[in-house]
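Student: Starting from the known structure of chain A, fit chain B onto it as the hints suggest.
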Amino acid sequence: MSTENRERVLVDADWVEAHLGDPKVVLVEVDEDTAAYDKNHIKGAVRLDWKKDLQDPVRRDFVSKEQFEALLSAKGISNDDTVVLYGGNNNWFASYAYWYFKLYGHGDARLLDGGRKKWELDSRELVEPIDERPATTYTAKDQDRSIRAFRDEVEAAIGQKNLVDVRSPDEYSGKLLAPAHLPQEQSQRPGHIPTAANIPWSQAANDDGTFKSDDELTALYAGKGVDLDKDTIAYCRIGERSAHTWFVLHELLGQPNVKNYDGSWTEWGSLVGVPIAIGEQP
Amino acid sequence: MCGAKKGGVSTEGLDLTDEAVVQGVVTRDGEPVANAYVRLLDGGGEFTAEVPTSATGQFRFFAAPGTWTLRTLAPKAEPVDRTVVAARGEVAEVEVLIG
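Heads up: the sequence lines are chains A and B, in that order.
Note that this note's numbering gives residue 92 to position 92 of the first sequence, counting from 1, and the numbers run on in steps of one.
Every number in this note's numbering is 1000 more than the matching position in the second sequence, counting from 1.
In short, the hints are calculated from the structure, not lab data.
Any given hint might turn out to be false.
[To be verified] Cβ-Cβ distance ranges computed for the label pairs, FRET-style: (1) B:Asp1081 to A:Gln55: 33 to 43 Å; (2) B:Asp1081 to A:Asp80: 40 to 50 Å; (3) A:Ser123 to B:Thr1056: 15 to 25 Å; (4) B:Ala1087 to A:Asp144: 42 to 52 Å.
[Unchecked claim] Chain B regions said to be covered by chain A (calculated; three or more residues, Cβ under 8 Å): (5) 1023 to 1030; (6) 1033 to 1039; (7) 1042 to 1048; (8) 1051 to 1065.
[Stated by the list, open to error] Capping the alpha-carbon separation at 27 Å, the derived lysine-lysine pairs in DSSO-like fashion look like this: (9) A:Lys161 to A:Lys230; (10) B:Lys1076 to A:Lys43; (11) A:Lys39 to B:Lys1076; (12) A:Lys175 to A:Lys141; (13) B:Lys1076 to A:Lys175.
This structure is a prediction, so every number in the text was calculated from the model and none was measured.
All C-beta atoms, glycine included, are put in the ideal place defined by N, C-alpha and C.
This is chain A alone, in the form it adopts within the complex (with noise of 0.2 Å):
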């Protein structure tokens, strides 16, 4: 069942490079250094900017499905293409990028295993010209809520529901606010939500930011106590890795109640009155 779900929603370089003139197949760039891409990228690839394209520019929330079939058209992309999506941060916001597309009903998405890094490390080809694709007309669908997880139903889920914080060791206990290559400005308070376990993104990856095996992933997530009969709620700091963790769950392992708090820590630890756990334990 799994590796039938591995074929359909992830590719490995082989294949894309096998599909590289395929008018079919649009690869997409998405990272947090979204200046990564101008240096160069993979040959025909569009970019998504992952603040400016995909996040309203005033209230915190996404684009409408309107703004997105906006962005999609001039972007070419059409709704039978399939979309292959790579960044950098070991797919960080490729991940979430996927996650918004199933969020908009997209139908063939999948995601570069190893994103930028393992191509970069493996000395594949990456070139400056940007090809324009031709403006298609994208219809989106209704947001797809059974995905996407609020305030609310978060603090209902507190000891009901899986709560999985996917940010790494020092973030969850409160040590850190941010991921360590980012400065550690925030004001809003430290820890985790209470009952949470923390298994970091990073565990569901190898070195070279590629996904680990489906057996070692099914293992990871039973051993640190996530009962896979119950619905799951991921967060991270701003829910990119745990987009991330949200398609290990639901979309490689197959988890059908899986939803990502996308407000995740920057909300979370910054609501009045809510409980906040300090430490190591949950």
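Tutor: Frame of chain A; chain B shown alone:
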């Protein structure tokens, strides 16, 4: 990179009072390696952060005080681990040599 000093990135313009910075440069045969990845692992060996090196082979982390391992991945090279101690208000400089 204009004004870059030997070792890590220039810290000019950063308020480091409350930061425990770990930074440095990755080199191979004396030349900076621009397409390497540096992973910051905590005392338990757990991944904490990762950055690609800059055009001049440099990297930087805002860590917490303590002992860390830097694991460097580069094309056509075995991973290289280096231990580094970070302290608040200080910049720990590390030079990583790739074989």
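Student: Between the stretch 1042 to 1048 of chain B and chain A, are there enough contacts, at least three residues with CB-CB distance under 8 Å, for the coverage claim to hold?
Tutor: holds (count 5)
Student: Tell me if chain A covers the stretch 1051 to 1065 of chain B under the three-residue, 8 Å CB rule, please?
Tutor: holds (count 7)
Student: Check, residue by residue, whether the stretch 1033 to 1039 of chain B contains three or more positions whose beta-carbon lies closer than 8 Å to a beta-carbon of chain A, and give the verdict.
Tutor: The restraint on the stretch 1033 to 1039 of chain B holds, since 3 of its residues have a Cβ under 8 Å from chain A and three suffice.
Student: Do the Cβ positions of Asp1081 (chain B) and Asp80 (chain A) conform to the proposed distance bound of 40 to 50 Å?
Tutor: holds (47 Å)
Student: Next pair to validate is Lys175 (chain A) with Lys141 (chain A); report whether the Cα-Cα distance is within 27 Å.
Tutor: Violated, at about 41 Å.
Student: Straight-line Cα separation of Lys39 (chain A) and Lys1076 (chain B) no greater than 27 Å?
Tutor: holds (21 Å)
Student: Between Ser123 (chain A) and Thr1056 (chain B), does the C-beta distance stay in 15 to 25 Å?
Tutor: holds (20 Å)
Student: Determine whether the Cβ-Cβ distance between Ala1087 (chain B) and Asp144 (chain A) falls within the hinted range of 42 to 52 Å.
Tutor: holds (47 Å)
Student: Does the alpha-carbon distance linking Lys161 (chain A) and Lys230 (chain A) stay inside the 27 Å limit?
Tutor: holds (6 Å)
Student: Keeping to a limit of 27 Å between CA atoms, is the pair of Lys1076 (chain B) and Lys175 (chain A) held or broken?
Tutor: violated (35 Å)
Student: What's the verdict on Lys1076 (chain B) and Lys43 (chain A), does the C-alpha distance respect the 27 Å limit or exceed it?
Tutor: Distance of about 22 Å is within 27 Å: holds.
Student: Does 33 to 43 Å hold as the CB distance between Asp1081 (chain B) and Gln55 (chain A), or does it fail?
Tutor: For Asp1081 (chain B) and Gln55 (chain A) the Cβ distance comes to about 37 Å; the hint holds.
Of the numbered hints listed earlier, those contradicted by the structure are 5, 12 and 13.
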